[in-house]
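Okay, here's what each chain looks like letter by letter:
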Amino acid sequence: MKIAVCVKHVPEGSSRIDPGSKRLDRSGEGALNHFDANALEEALRLKGDSDTEVVVVSLGPAKAADSLRKALAMGADRALLVSDDGAAGSDLVATSRVLASALERESADLVLFGQQASDSDGAVLWAAVAERLRRPVVSQAAELSLQDGTLSVKRQTEFGYDVIEAALPAVVAVSDAINEPRYPSLKGIMGAKKKPFDTVSLAELGIDPGEAGEAGSRTEVLAVSEPPSRGDARKIEDDGNAAQAIVDFLAEKRLV
Amino acid sequence: MSVLVFLEHHGSELQKGSLGVLAKAAALDGGDVAAVLVGGGVSALAAEAGNHGAAKVYVAEDDSLEPPLPQARVDVLAKVVGEGGYDTVLFANSVLAADIAAGLSARLDAGLNWDLVDVELRDGALVGKRPALQDSILVDVGWKAEPRLALFRAGSFEAPQGGAGGSPQVENVAVELEGHSRGAKVVSQEQEESSGPSIEDADVIVAGGRGLGAPENFTLAEELARALGGAVGATRAVVDAGWYPYAAQIGQTGKVVSPKLYVALGISGAIQHKVGMQSSNVIVAINKDPNAPIFEFSDLGVVGDVHEIVPKLTELVKQRKGA
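Note that the protein sequences, when read in sequence, are chains A and B. Throughout, the numbering used here is defined as the position within the first sequence, counted from one, plus 840. Throughout, the numbering used here is defined as the position within the second sequence, counted from one, plus 85.
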C-alpha cells in the first residue's frame, strides 16, 4: 500500500503581505505547517511495521525542501517537491490542479491532508484535489482506521460525529485532535538525508504555464487594508458591584 | 448577476448561516436570487427559503441524498449552475459546505474565495472582504472569471426573521451521481446532546477558560448561559485538558462564532481563541488578570474573580428576565 501525505511549508513567526505582489511574504524562515504533522503522524501510525510506503508531497518554493526533510526525519519514506517559479501565486483552482497532477503520478491508495494551512487559514484544498482525482473525500477525521481496503472515519462536525466508510482509493483530511505528532529522533534526522527526494517542475508534470500560478488562477487579491477597530472599550474593577454593572451594560445594549 | 445560494439544513431546520447568506444575496442582487436544497424531505423547506428571499428554489429531494456528504451535492450544484447559467454561487461556511464549495471549484474550474466576512458590488464587479493573518489585515479579493464561488465565515450576515407569504418557484432537480460521489457512506451518526442552541447558531455564548479553575466550575458558565438563553463555549486549553467537549471549542482549531453577545469567563484571550470569537457583536470579559489580552478587544472588561461575580450575575439576569 502507498499513502501520500500533502504538506505545506509555511512562513514562521509574524507574517506579512508583500505590498508589491500582494502575496504572503515567503522570503523568511519557514517550517512544516503543524497541522500537516497530524496527517503524517496518522500515515506513520497506519503504516506501523508494514511495508506500506509513505510519500510526502509538497508544492512550494525550493525552501519547502526543509519541511519535506523534517517529514522524512519523522519517518516518511520518500519526498516529492513540486517547485516552479511559474506556480507562485496559485489559487485553489491552480493549486489543486498541480497537486492532483503530482498525486496522479504517485497513484497512492490513500491521500492525507492536515486540517488547514496555518498561513492562509485555507481549509479547502483536499476537497478540490479529491474532485480532480475523482475519489471519495472525508474531512475533519478525528479517528481513522483501515480494514481490508475500506476506510472508516469518525468525522467531527458542528452537530457531533459521523462515522463514514469509503473504499480505497480515497482522500482524507484529518483534524488536529486525531493524534499527537512525534518529534524526529536523531536517528531519523540522520537517516532522512539518505532517503529518496525528487523535485519536479510543472513541465515535468505536463502542466502548461497558463494552467498554474497567477495565470491559472481564477481569483485575485485586489487590495490590502487595516481592519476596522472596535469601538470604545470599558474596563472596570470589581468592587463587589461588578455583576450589577454587567447587567446594566447588557441592558443598555438591549441584550437582556 | 445571477446568484445561487446553497442552503444547508440539519434535520428539519435550515441553518441560520445559510439564511444570512441568502438575505445578503437578495440585498446585493435586488432580489432575484435562487437557492438549492439537497436531501430527504427538503421540499418542505422551500417555502421558508422563499420567506428569506429566494425567488426560486431548486430541490434535489431523495432520501439517499440526506446523509451530509459533500460530493453528491457537488453533482447537484454543477448541474444547476450549468443549466441555470448562474454566475455566482454562495455558501455559508461549515464542515460540509467548505467541502462542497471546494469540490465545485475544481469541477467547474471556478474561483473560490473563502473565509469572507462580506461582499459588495464595486463598479459592477464583485469584491469579497477577507480578514487575514489572524485578522490583523483586511484583504479585498476578486474573481477573474465566472462562475464565482464564495464561502462566508460563520455569522457574517444576520438572518432576518423570515417574512410571510414567500412562494418561490420550485424546480425539482434529478441528478445522476458521479461514481466517486457515491464512494463514501455515512454508517452512523452520533449527535451530541445539548440543552441549548448549538454554538454556531446561538445569539449568546458564554465561554469558559482555564480561569474557571476546575472542570466542575463549568456549571457557572452553563447556568449563566441558561439564564441568558445562550450556549456554552470553551477554549482549546480546557478542551485539551478534558474539562469540556471539543464540540464546544471556539478558536482557530475549533468553531468560529459571532454571536450578538460573547461572555468570556476566565479566558486570557490568546490569539488561537481570539480568531474564533472576535467578530462577536458585543464582548464582555471577566478575568482576574488586569493584563489579560482579552481586555484589548472586549467592549466591557471586568477585572475580578469569576467565582464571585458569575453567580450574582446569573441571579440578576434571571430576576430581570423574570420581571
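Hints in this document: simulated from the structure, not taken from any laboratory. Among the hints, a few may not be true.
[To be verified] DSS-like, lysine-lysine: derived pairs with alpha carbons at most 27 angstroms apart:
| no. | chain 1 | residue 1 | chain 2 | residue 2 |
| --- | --- | --- | --- | --- |
| 1 | B | Lys-403 | B | Lys-373 |
| 2 | B | Lys-270 | A | Lys-1093 |
| 3 | B | Lys-345 | A | Lys-1075 |
| 4 | A | Lys-842 | B | Lys-214 |
| 5 | A | Lys-1093 | B | Lys-345 |
| 6 | A | Lys-1075 | B | Lys-270 |
| 7 | B | Lys-229 | A | Lys-862 |
| 8 | B | Lys-229 | A | Lys-1093 |
| 9 | A | Lys-1075 | B | Lys-359 |
| 10 | A | Lys-862 | B | Lys-406 |
| 11 | A | Lys-1093 | B | Lys-359 |
[Said to hold, decoys possible] A short, non-exhaustive set of chain B residues, derived as facing chain A with CB atoms under 7 angstroms:
| no. | residue |
| --- | --- |
| 12 | Gly-115 |
| 13 | His-265 |
| 14 | Gln-276 |
| 15 | Val-388 |
[To be verified] Some residues of chain A that are not near chain B, with every Cβ distance over 10 angstroms (derived):
| no. | residue |
| --- | --- |
| 16 | Ser-947 |
| 17 | Arg-975 |
| 18 | Lys-1034 |
We put the beta carbon where it would ideally sit given N, CA and C, even for glycine.
>> Under the constraints set out in the numbered hints, which ones does this structure not fulfil?
In response: 2, 4, 6, 8, 10, 12 and 17
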